[in-house]
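J.: Please build the complete structure, drawing on both the sequences and the hints.
First to last, the sequence lines map onto chains A and B.
When you line the first sequence up against my numbering, it's residues 88 to 392, in that order.
When you line the second sequence up against my numbering, it's residues 88 to 392, in that order.
No wet-lab data here; the hints were simulated from the structure.
Worth double-checking, as some hints may not be accurate.
Because identical chains share one entry, a pair is satisfied inside a single copy or across any pair of copies.
[Claimed, not checked] Lysine-lysine pairs mimicking DSS-like chemistry, simulated, CA-CA at most 30 angstroms apart:
| # | residue 1 | residue 2 |
| --- | --- | --- |
| 1 | Lys114 | Lys245 |
| 2 | Lys278 | Lys159 |
| 3 | Lys284 | Lys245 |
| 4 | Lys245 | Lys278 |
| 5 | Lys284 | Lys372 |
| 6 | Lys159 | Lys114 |
| 7 | Lys178 | Lys118 |
| 8 | Lys154 | Lys178 |
| 9 | Lys154 | Lys216 |
| 10 | Lys372 | Lys278 |
Bear in mind that the values here come from a model prediction, so they are computed numbers and not experimental data.
2 protein chains.
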Amino acid sequence: MPETSLSSWNDGRARSAIVDFVARVTKEGGKDYVPPAERIATFDNDGTLWNEHPMLVQGFFLADRIKQLAAKDPSITGRQPFKAFLEHDFKTLQSLGKQGLAELVFTTHAGMSEEEFADIGRAWFGSAKHPKYGCPFTQVAFKPQLELLAYLRENGFKMYIVTGGGVDFVRLISEQAYGIPREQVIGSSVKLRVEMKDGRPMLMKTAELGSFDDREAKVQNIGLHIGRRPILAFGNSDGDLAMLRYVRSGPGARLALLLHHDDAEREAAYDREFVLSPLAEALDKAAEYGITVVSVKRDWKAVFG
Amino acid sequence: MPETSLSSWNDGRARSAIVDFVARVTKEGGKDYVPPAERIATFDNDGTLWNEHPMLVQGFFLADRIKQLAAKDPSITGRQPFKAFLEHDFKTLQSLGKQGLAELVFTTHAGMSEEEFADIGRAWFGSAKHPKYGCPFTQVAFKPQLELLAYLRENGFKMYIVTGGGVDFVRLISEQAYGIPREQVIGSSVKLRVEMKDGRPMLMKTAELGSFDDREAKVQNIGLHIGRRPILAFGNSDGDLAMLRYVRSGPGARLALLLHHDDAEREAAYDREFVLSPLAEALDKAAEYGITVVSVKRDWKAVFG
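T.: Pasting the structure below:
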């Protein structure tokens, strides 16, 4: 096992749980040894790998998209929920919930080819800045999590992102931001349609929801996309609880981690009141379900890179 | 580029097309260079990677499952389509079509957990023999295709199986038979349900079809699971045509290959008449669509290992 490079993690229960787990599953001949092919780890994205408070990254993307649409069709500027986006009215936007936001993204991009959506998304990631942190959006990834991904990779793990966010949105930056290939991203999705354009088959986005990848759907989509129970999962909200319990309750050594945003000074402090991504049951039942809580305040030396 | 190990491929147009393509996309600085992350290749399974004639491997599995069910419930032995399975009446079974067979597999296994299905399937692969070839079913894989998979792997390709067969059935043997991780198998699937058993969340198979992975659905599922257009695809029937055209019509160097089973002596000769997996339009339009036809008789020195 290589030396750990978890330098942004404070010594403590969470860091020890990670290091001990990795040592056990990689020790050849040990009773908890797991062959590399079975070392699958699943990570939630919003609030687990990068910042989601006060607004999801995809919410900011959508706000800018709506600005572009309003320039062409001013009639939408007075209508909700568009008005809330144009005014960065986070309180109203949060009340839409994650699924409400996802569905609005889907409606806004229906009828585009996958390539057209990718062009728009890449251009946005290349120029937009996070209004609170003033940096490109890919840089609101959490430094300790990037170290954890690298550490797991060095130890033969294959990482998947399992996100409530739009799968093609997250795929645009998964390689650059996290070193995770786009085909290892599972997320919310619309149904796709094949359409011929100039004799070339294109994949077109429809407005019809395929899967809203939250709660039990995360487990169902792990079954569909991966087809084996991961041995490690990391989440930060009740939307991840089903995945954490599914992973934790497999046979052999398993690790389920739950990030608690409790550091208002360095990032944000929120849990049960945050409508976009509430954390209540997972926090209350963590001990009972064998889930290890990670505290931003206590366990992380640094938050951003 | 390593030496090619395509020793079961005869010199000729098909072999040259493969070797030339791989040379072009792996030549750093060349105009057709493709970085390793983008070297995605998708393979159909039945009839492309292993034998499907006179009956799909999964058809034989289903026949043995129905025998087991009939032992418990003799009332099904006189009813179609069960009778046809019990009598190995391939003509009747073929007339069900691939989707009919797939749906019957799904109905037969509804209410099982993924783990229970895997146990049954693994036991079957461990003991059953192909009635025509007398070998375990994993050995009806085509030798030239195993060499091709190895050759592409050596050249930095990541291979996916995109099959009309049941995704969890093919995942049982993808690693052993092809060296393809189970999470790189895309296939037909039922919807899954999360159920608590003794406080443990289990993934249960329902009888409801999620996706029948054939024709346009292969392209849609590539979009959902992979999220980028592959650069190489290999199929053998009209069910693969949409995938072949989708892959072939991307920008840059692309290779679409179509296997034609035309060797009655060493394997089987069939195309448009074979109801389970008809090949007509793809063969007729191959030249127009830029698809390279591979003839078993002409291009393969050996068929099986």
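J.: Confirm or reject each hint.
T.: Okay, the hints, checked on the actual structure:
1. Taking the closest pair of Cα atoms, lysine 114 and lysine 245 come within 30 angstroms of each other both inside a single copy (17 angstroms) and across two copies (28 angstroms).
2. Proximity of lysine 278 and lysine 159 under a CA criterion of 30 angstroms is satisfied intra-copy only: 27 angstroms inside one chain copy versus 41 angstroms between copies.
3. Taking the shortest Cα distances, lysine 284 and lysine 245 sit within 30 angstroms of each other only across copies (28 angstroms), while inside one copy they are farther apart (37 angstroms).
4. Proximity of lysine 245 and lysine 278 under a CA criterion of 30 angstroms is satisfied in both settings, with 27 angstroms inside one chain copy and 25 angstroms between copies.
5. In the homo-oligomer, the alpha carbons of lysine 284 and lysine 372 lie at most 30 angstroms apart only across protomers (18 angstroms), although the nearest pairing inside one protomer, at 52 angstroms, exceeds that limit.
6. Neither within a single protomer nor between protomers do lysine 159 and lysine 114 lie at most 30 angstroms apart by alpha-carbon distance, with minima of 60 angstroms and 45 angstroms respectively.
7. Taking the shortest Cα distances, lysine 178 and lysine 118 never come within 30 angstroms of each other, neither inside one copy (51 angstroms) nor across copies (51 angstroms).
8. In the homo-oligomer, the alpha carbons of lysine 154 and lysine 178 lie at most 30 angstroms apart inside one protomer (19 angstroms), although the nearest pairing across protomers, at 61 angstroms, exceeds that limit.
9. Taking identical chains as interchangeable, the C-alpha atoms of lysine 154 and lysine 216 lie at most 30 angstroms apart only when both belong to the same chain, with a minimum of 15 angstroms there against 63 angstroms between chains.
10. Taking identical chains as interchangeable, the C-alpha atoms of lysine 372 and lysine 278 lie at most 30 angstroms apart only when they sit on different chains, with a minimum of 28 angstroms there against 35 angstroms within one chain.
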